[in-house]
Each structure stands twice: as structure tokens, then as C-alpha cells.
Amino acid sequence: MGRYVIRRLLQMIPVFIGATLLIFLMVNVMGDPIQGLCGNKACDPATAAQLRREFGLDKPVWQQYLTYMGHVFEGNFGTAFNGQPVIDLMAAAFPVTIRLTIVAIIFEIIIGIALGVVTGLRRGRPVDTTVLLLTLVVISVPTFVTGLLIQLLLGVEWNVISPSVSPEAPFNELIVPGLVLASVSLAYVTRLTRTSIAENRRADYVRTAIAKGLPRRRVVVRHLLRNSLIPVVTFIGTDIGSLMGGAIVTERIFNIHGVGYQLYQGILRQNSQTVVGFVTVLVLVFLVANLLVDLLYAVLDPRIRYA
Amino acid sequence: MRGATHAKWAAGAVAVALTATACGGGGGGSSSGSGGANGIVSASWGDPQNPLEPANTNEVQGGKVLDMIFRGLKRYNPKTAKAENWLAQSITTKDSQNFNVTVKKGWTFSNGEKITAKSFVDAWNYGAYLKNNQVNAPFFQYIDGYDAVHPTTGQPSAKTMSGLKVTGPQTFTVRLSQKFSMWPDTLGYAAFSPLPSVFFTDHAKWLSKPIGDGPYTISSYTKGSQMKLRKWKNYPGPDKAKNGGVDLKVYTDNNTAYTDLTAGNLDLVDDIPASQLKNVKSDLNGRYLNTPAGIIQTIAFPFYNKNWNGKNSAKLRTGLSMAINRAQITKTIFENTRTPATDWTSPVLGTAGGYQHGLCGKACVYNPAEARKLIKEGGGIPGGRMTITYNADTGSHKEWVDATCNSINNVLHNNKACVGAPVGTFADFRSRITQHKMSGPFRAGWQMDYPLIQDFLQPLYYTNASSNDGKFSSPKFDKLVNQANAETDRTKAVKLFQQAEGVVRDQMAAIPLWYQNGSAGYSDRVSNVELNPFSVPVYGDIKVK
Chain A
1 MGRYVIRRLL QMIPVFIGAT LLIFLMVNVM GDPIQGLCGN KACDPATAAQ
51 LRREFGLDKP VWQQYLTYMG HVFEGNFGTA FNGQPVIDLM AAAFPVTIRL
101 TIVAIIFEII IGIALGVVTG LRRGRPVDTT VLLLTLVVIS VPTFVTGLLI
151 QLLLGVEWNV ISPSVSPEAP FNELIVPGLV LASVSLAYVT RLTRTSIAEN
201 RRADYVRTAI AKGLPRRRVV VRHLLRNSLI PVVTFIGTDI GSLMGGAIVT
251 ERIFNIHGVG YQLYQGILRQ NSQTVVGFVT VLVLVFLVAN LLVDLLYAVL
301 DPRIRYA
Chain B
1 MRGATHAKWA AGAVAVALTA TACGGGGGGS SSGSGGANGI VSASWGDPQN
51 PLEPANTNEV QGGKVLDMIF RGLKRYNPKT AKAENWLAQS ITTKDSQNFN
101 VTVKKGWTFS NGEKITAKSF VDAWNYGAYL KNNQVNAPFF QYIDGYDAVH
151 PTTGQPSAKT MSGLKVTGPQ TFTVRLSQKF SMWPDTLGYA AFSPLPSVFF
201 TDHAKWLSKP IGDGPYTISS YTKGSQMKLR KWKNYPGPDK AKNGGVDLKV
251 YTDNNTAYTD LTAGNLDLVD DIPASQLKNV KSDLNGRYLN TPAGIIQTIA
301 FPFYNKNWNG KNSAKLRTGL SMAINRAQIT KTIFENTRTP ATDWTSPVLG
351 TAGGYQHGLC GKACVYNPAE ARKLIKEGGG IPGGRMTITY NADTGSHKEW
401 VDATCNSINN VLHNNKACVG APVGTFADFR SRITQHKMSG PFRAGWQMDY
451 PLIQDFLQPL YYTNASSNDG KFSSPKFDKL VNQANAETDR TKAVKLFQQA
501 EGVVRDQMAA IPLWYQNGSA GYSDRVSNVE LNPFSVPVYG DIKVK
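Protein sequences appear in the order of chains A and B. For the first sequence, counting from 1, position 148 maps to 148 in the UniProt record's numbering; every step adds exactly one. For the second sequence, counting from 1, position 313 maps to 313 in the UniProt record's numbering; every step adds exactly one.
Worth flagging that the hints you see were computed from the coordinates, not collected in a lab. Where is the CB? At the ideal position from N, CA and C, for every residue including glycine. Just so you know, not all the hints are guaranteed correct.
Unchecked claim - Computed beta-carbon distance windows for the label pairs:
1. P85(A) / N414(B): 52 to 58 angstroms
2. E399(B) / N76(A): 40 to 46 angstroms
3. N111(B) / F171(A): 58 to 64 angstroms
4. D393(B) / P60(A): 47 to 53 angstroms
5. P85(A) / N111(B): 23 to 29 angstroms
6. V137(A) / K240(B): 53 to 59 angstroms
7. P236(B) / H71(A): 46 to 52 angstroms
As the list claims (entries may be wrong) - The calculated SDA-like cross-link candidates involving lysine to any residue, where the alpha carbons are at most 20 angstroms apart (straight line), are:
8. K223(B) / D88(A)
9. K205(B) / P170(A)
10. K131(B) / G56(A)
11. K159(B) / D202(B)
12. K118(B) / V166(B)
13. K165(B) / S219(B)
14. K373(B) / N414(B)
15. K278(B) / L149(A)
16. K131(B) / A48(A)
17. K223(B) / R252(A)
18. K233(B) / K223(B)
19. K223(B) / P170(A)
20. K543(B) / K223(B)
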């Protein structure tokens with residue numbers, strides 16, 4: 001197990017370097033970052049040249065990349081053009097997005113798996129058909145439509161929530177945005193669980209468990225569900241990464257000052273330091289989440305052994 | 001019915017979730033504290049692009065704050081856009097090149113430091129010095145010695161401009177490198193604000209909580225999320241704040257800000273999303289402003305390209321101008337938040353300031369027959385096909401560019417004559433323009449820096465001027481501008497600038513499209529909301545019920 005984890009961690013290094021290099025190159029192709037600073041007007045050439053020197057943008061790209069990576073390993077993600085260190089932006093944005101992601105994941109786990117179990121056990125019944133239809137609707141409607149609709153209904157028409165989240169973004173204000181963010185994944189979780197449960201229901205070990213006279217609850221939760229969760233766990237694990245990075249739409253709608261918002265603004269303002277910094281951290285999150293998922297397999301299914 | 005139990009449980013979870021949010025929502029309402037003179041206005045904001053230094057802020061979000069916490073030698077009247085003496089006792093000149101400035105006594109910064117001539121001179125030298133990376137440095141370019149502190153290439157050879165001399169505690173002199181009679185009127189721009197000594201001695205501390213001399217002080221500033229400004233009780237000026245303070249809240253999206261306004265959680269949104277313009281009047285019960293701002297949108301031409309700068313090209317350009325149905329486009333696409341342009345300035349200047357309705361004459365009036373004739377005489381569209389280049393990332397330019405092209409195509413009975421050419425990002429668009437890679441017309445917009453006719457003409461059409469993107473050049477225009485700048489009599493100077501504008505019209509250096517309005521919506525908690533000519537709300541005048 002230990003050796004496996006070390007091997008996986010070592011494998012992360014080339015992935016990490018490759019991913020950051022790609023991002024760095026892509027951001028460089030995006031255009032001249034200095035131009036973004038000058039608004040609608042042509043930049044004063046002298047000031048632009050001075051800024052370029054200061055940010056090291058006059059050097060060749062490979063040299064910029066090496067300097068940047070050198071700084072990253074020292075824990076320095078550079079300075080955004082508005083004078084704030086990128087690390088400060090991260091310190092402000094990541095806790096918010098992590099909270100949002102936690103809310104979303106909890107919704108996925110609780111509602112998604114519960115619905116999946118219910119429908120998986122009663123395949124073909126009205127409950128199953130209704131939920132299937134509902135998930136189909138949720139999957140096919142884009143997040144920004146659900147988001148704006150819920151915001152309008154709950155926030156403006158019925159006044160049960162505030163349409164925008166305050167800068168502190170405490171958990172209770174993130175429940176509705178979290179539900180919106182989770183909605184599509186939630187539908188997938190439901191469908192995955194349903195299929196998995198429906199398949200395993202006819203497995204030998206389930207029949208044995210029933211034949212042993214175990215209570216139905218125990219059969220479902222300990223035997224059936226535990227074995228059916230593997231694909232679901234894979235999905236949720238990879239979803240953590242995409243929820244954190246892909247929350248741009250939800251964060252804009254509900255005024256959440258998180259990672260998605262910082263990324264969006266960084267791209268709009270050609271702020272390469274912000275974009276590369278945030279994406280680098282997201283890459284790390286993705287890699288770690290993937291590792292955790294693989295380790296969870298062993299917990300769920302004792303037959304899986306890592307060496 | 002075990003399954004049903006599960007379903008009930010799930011439904012219960014949703015119910016609990018919604019109830020919990022309801023609690024959160026109720027608590028997070030508007031900042032309704034005390035009303036009246038101490039009431040706090042909450043307003044939408046965007047994260048300023050650059051650090052909040054006066055000479056480093058060139059966009060409206062940072063400009064909002066500077067407008068509240070700084071006052072300079074002059075201030076532009078929020079209604080008439082006229083430059084009025086504010087901290088200046090007097091600014092006098094005999095030759096339009098050497099100015100004597102006297103600063104009023106009795107003014108202080110909010111930390112108690114007295115404002116003297118030195119507060120201005122130091123601030124201006126800081127703003128102009130190349131190594132301070134101030135994007136507004138070119139505003140100081142008319143001051144003598146600017147080349148030494150801000151050379152076009154290489155390192156600066158001096159730290160201060162030789163044209164600025166402190167002559168007494170409250171007096172200083174300014175020598176310009178050229179005659180510029182209207183120069184004192186440029187001093188209302190935020191870049192010319194005075195700075196307290198703490199700005200230079202402890203820059204980081206100042207940046208985290210800027211100190212100025214305006215009617216508000218910053219009570220707290222969380223970068224990227226919100227700024228709380230409170231009325232400064234000892235503010236010595238006549239424009240004391242009529243409310244207790246302003247809370248500026250950063251919104252990720254102006255749609256969200258608008259939703260918050262309609263839900264009653266926000267008092268003021270100064271950027272109504274285009275998609276809501278149709279409903280805004282009914283949504284807000286008429287609490288909506290749509291007033292002219294100092295912004296004009298034009299189509300510029302690449303004069304470095306022979307196709308657009310031939311012997312008869314002026315006719316071609318004029319013909320294109322007449323082929324654009326401005327009235328229809330501003331009505332259908334912009335819901336009348338734009339006004340068809342009839343000159344190259346802006347109505348906010350007022351007639352005395354140089355705005356002249358109809359200066360463009362019939363060249364800006366939609367006339368298909370005449371347009372066809374002129375385009376034909378001008379040699380037709382080069383190659384039979386033209387593009388209008390624009391940036392697709394901001395400002396929903398696609399709609400109007402397509403409409404403009406449609407209008408031209410309809411006039412020419414050829415639906416392939418004109419097409420829009422989007423460029424992905426604004427930065428890329430700009431870099432193509434500055435590298436002179438345009439092969440056809442491109443969109444151009446101009447937001448004034450100060451309400452002077454000079455600012456609408458010289459930076460845009462003077463030979464090699466800073467924002468002359470199309471490389472337009474006319475000796476006649478340059479000569480008239482020089483004459484106007486040397487003219488000490490204001491009325492005569494304006495007349496000369498208008499003559500220069502006539503050259504722009506005859507050459508059709510750029511097609512004027514429409515004047516842009518500023519828009520804002522506000523809640524029923526506040527009244528007396530207005531936008532100044534820069535489309536920034538006049539926060540100090542807002543009254544809270």
C-alpha cells in the first residue's frame with residue numbers, strides 16, 4: 001500500500017509539469033497581458049515596456065516558465081496586476097470554493113445515492129420512471145438556466161433567499177448555489193447508482209445474504225450498496241476537481257467570489273499569473289482526488305489490493 | 001414500504017436545506033441601518049483593475065472610489081461638465097504656456113495633513129515618473145521636462161519634471177512644453193489629485209487603505225469583495241456628503257447585481273445589463289436613469305492601407321457613413337441607450353464646450369441613394385468586400401456590427417459586401433490595431449478623459465497622436481488644433497476646434513455612430529441619484545430615506 005502511494009505520487013510529477021507547461025503556453029497565446037491594463041486606449045509605449053520588463057515578459061517563453069516554476073516551488077505564485085499577491089487571492093478564493101464544493105458533494109452523496117438506491121430497487125415502477133425522467137430533464141437543462149431560474153424564483157419572487165451570496169460566503173448561504181452546482185452531477189450519480197444496484201441485486205452474494213435471513217436493511221446497505229458504490233465513488237472523486245474549477249457559471253450567477261470568479265476575471269484581464277497559479281492548484285487538487293478515489297476502492301472492495 | 005421511507009428522507013433533506021437557506025436569506029438583507037443623513041447607500045462595484053493610485057486608475061470602477069475620496073484643483077460640475085475651481089484659488093496665465101497656481105488655504109487630507117503646493121507637485125512627479133508604472137503618466141505629457149522622467153525608450157534621466165516649481169507654501173508654477181490654453185480645465189481628472197506624504201513614506205499601508213481629501217474616507221477595504229466608505233465629518237469643501245456613507249460591493253456579474261437590486265438587497269446599480277434594458281422601467285417602477293455620458297462610438301479606418309486612403313476614398317468613407325441607419329440600430333439594438341451621433345464630440349460638453357449638433361450634416365444621415373452614389377464614385381468597396389473588425393469578448397459588439405453591416409449590405413443590394421470580423425479578446429484586438437494589421441474598418445470607442453472638445457479631437461486625429469489608431473493625418477487639421485491650443489480666448493479656441501472637426505468631417509476620418517449613455521437603476525430607499533458626465537454616480541448627493 002505504502003509503495004503504491006509513493007509510486008502514484010512520483011507519477012504525479014511529470015503530469016504536473018506537463019499540465020502547467022501547457023497552461024503556461026496557452027495563456028501566452030491568449031494575447032498581450034499588458035494591453036489589458038490600459039483599458040480602451042493604446043498603452044503608453046514607455047510604461048508598457050517598463051511593465052513588461054518588471055513582469056519578465058520581455059524574456060523568451062521557456063525562460064519565463066522556468067522562472068515561474070522556480071518561484072512556485074518556493075511558494076511564490078507571483079503578483080496579480082492589481083498589485084495583490086496571487087497567493088492572497090488564493091487564500092480568499094479557495095476556502096469559499098471548497099465550502100461550495102463540500103455542499104455540492106454532500107447533495108450528490110445524500111440525494112444522488114438515496115434516489116439511486118430507491119430507483120435501483122424498484123426498477124420499472126412509477127418511482128423509477130419519474131426519477132429517471134427528472135434526471136433527464138436536469139441533465140439536459142444547462143446550469144445557468146437552472147441557476148438563474150432558481151435565483152429568480154427563490155430570491156426575487158418568493159424572497160426566501162438572498163439572490164447574491166455575501167463576500168464571507170458562509171455555509172447556509174451556499175446551500176442553494178451548491179444544489180444548483182451539484183444538480184447535473186447529482187443526476188448522473190442517481191443514474192450510476194441505479195444501474196449498479198439493479199445489476200448487483202441479482203448477484204449471488206445478495207441472494208446468499210437474503211437466504212441467510214439477514215434483515216433487508218442490512219442486505220441493502222452493507223452488501224448491495226457497498227459493492228455497487230465503486231463506479232459512483234470514481235465519478236464523485238473526479239467530480240471534486242471539475243466542481244472546483246467548473247463552478248464559474250454558478251459563481252457568477254450567485255456572486256460567489258471563489259476560484260471560478262478569479263479565473264474568469266484573470267482570463268478577461270489577461271492576467272497570466274492569476275490564471276496559471278489557480279490552474280496549477282486545480283491540477284494538484286485533481287491529482288490528489290484521483291489518488292484518494294483509487295485508495296477508496298480498496299476500502300469498498302477488499303478484493304482490490306495495491307502493492 | 002422501505003423505498004418510500006428513503007424517498008421521504010430525501011424529500012426531508014431538501015426541505016431542511018431550503019428552510020436553512022431561508023434563514024440565511026432573511027439575515028443577509030440590505031444594509032438597512034438608520035435612514036436620513038446617516039443612512040448608508042449600498043452600490044454595485046467591480047474589482048478595480050490596477051492598484052488604487054490616482055495616476056494609475058483609468059477605468060470606471062477605480063474611478064468611482066477616487067471620485068469619492070479625492071478632490072483636485074478643479075472639479076467637473078456633475079450636471080454641466082464645466083471645470084470649476086475647487087482646491088485652486090486661481091490658475092492664471094499670460095501666454096497659454098506658463099501657469100501660476102494658487103492652492104486654497106484651509107484644506108487638509110483626512111489624516112489632518114495640510115494640503116500645500118508640494119502635495120500637488122510631488123504627486124504629479126510621482127505620476128509621471130516612468131519607474132512608478134503609472135498608466136496615466138501620459139496625462140502629464142504637456143508639462144515641460146516630461147521627456148526626461150518618461151522617455152519613450154531607455155531609462156529616465158531625471159526624477160522630477162523641470163516644468164514644475166514650488167514658489168511658496170500654497171503656490172507653484174507650471175511651464176508646459178507647448179501652448180495649451182485649455183490645460184487648466186484638464187486638472188479635474190483624478191490623475192491630478194494631491195497626495196499626502198504618507199503615500200510616499202509608507203506606500204503599502206496607503207494602498208491597503210487610501211487616504212485622500214474628498215468628502216468620504218475609507219473605513220474598510222477588503223480587496224476583491226467590498227469597500228466601506230463613510231462621510232468625512234470635517235470635509236472642508238462645499239460638496240459634503242448627503243448620506244452617511246457608501247458600501248461598494250463587488251459583483252461577479254452585473255446581472256446578479258441587477259437581481260439583487262430588484263430583490264431589494266442593493267440600492268444602486270450603475271451598469272444595467274443589456275438583456276434587462278427592455279424590462280428595466282417596469283422592474284424598477286421608473287427608478288432608472290439613462291443620461292448621456294462622454295462616450296462616442298465610431299468606425300475607424302486604416303489610413304496606412306492604400307485601399308482606404310486613395311484619391312477618392314473620402315467619398316467612399318462618407319458613402320459608408322450615409323449607408324448606416326443609426327436611428328434604427330440605436331432603437332432596436334440598444335433600446336435607445338445610444339443616441340445617433342451628429343458630430344465627433346459628445347452632448348455632455350454642452351454647446352459652450354464645443355458640442356455642435358448636426359456638425360456632421362447630411363454625411364451622418366441615412367440616405368441609401370446618395371450612399372450608393374458616393375460609394376460608387378469613391379471606387380466602390382475595395383475588392384468588393386469589407387469587414388468591420390471588433391472584439392467579441394466584451395460589450396456585446398457583435399449585435400451592432402452585424403446590424404451595421406446589414407444596413408450597408410441592404411443599401412448596396414449585396415449581402416456579401418460587409419461582414420463583421422470578430423477577434424477573440426480585447427487584448428488581441430488592441431495588439432492587432434497597434435501593429436497596424438487592419439485591412440479594413442474597425443470599431444473604435446472613445447471615452448473622454450476630461451470634458452473638453454480638445455480631448456475628442458487631438459488624441460484621435462492629430463498626426464501620430466497617442467490614440468490615432470488609424471494613422472489619420474491632415475496638415476490642415478493639425479494646424480487648426482495648434483492654433484486652437486494657442487488661443488487664450490476660450491470661445492475662439494472652441495471655434496477653431498470646431499473648424500478642425502470640419503476637416504474630420506470632410507475627410508470622414510472616422511464614421512461617428514452614436515453617443516453612449518450611462519445607465520443606472522436604484523431602489524426606493526434612495527433618491528436624488530444622478531450620473532455625472534463620466535457615467536459615474538454622484539454618490540455624495542444621494543439621499544437615503
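Okay, the hints, checked on the actual structure:
no.: 1; hint: P85(A) / N414(B): 52 to 58 angstroms; in the structure: 56 angstroms, holds
no.: 2; hint: E399(B) / N76(A): 40 to 46 angstroms; in the structure: 43 angstroms, holds
no.: 3; hint: N111(B) / F171(A): 58 to 64 angstroms; in the structure: 39 angstroms, violated
no.: 4; hint: D393(B) / P60(A): 47 to 53 angstroms; in the structure: 27 angstroms, violated
no.: 5; hint: P85(A) / N111(B): 23 to 29 angstroms; in the structure: 26 angstroms, holds
no.: 6; hint: V137(A) / K240(B): 53 to 59 angstroms; in the structure: 57 angstroms, holds
no.: 7; hint: P236(B) / H71(A): 46 to 52 angstroms; in the structure: 47 angstroms, holds
no.: 8; hint: K223(B) / D88(A); in the structure: 10 angstroms, holds
no.: 9; hint: K205(B) / P170(A); in the structure: 29 angstroms, violated
no.: 10; hint: K131(B) / G56(A); in the structure: 15 angstroms, holds
no.: 11; hint: K159(B) / D202(B); in the structure: 19 angstroms, holds
no.: 12; hint: K118(B) / V166(B); in the structure: 7 angstroms, holds
no.: 13; hint: K165(B) / S219(B); in the structure: 35 angstroms, violated
no.: 14; hint: K373(B) / N414(B); in the structure: 15 angstroms, holds
no.: 15; hint: K278(B) / L149(A); in the structure: 18 angstroms, holds
no.: 16; hint: K131(B) / A48(A); in the structure: 11 angstroms, holds
no.: 17; hint: K223(B) / R252(A); in the structure: 18 angstroms, holds
no.: 18; hint: K233(B) / K223(B); in the structure: 25 angstroms, violated
no.: 19; hint: K223(B) / P170(A); in the structure: 18 angstroms, holds
no.: 20; hint: K543(B) / K223(B); in the structure: 27 angstroms, violated
In summary, the structure is inconsistent with hints 3, 4, 9, 13, 18, 20 from the numbered list given earlier, while agreeing with the others.
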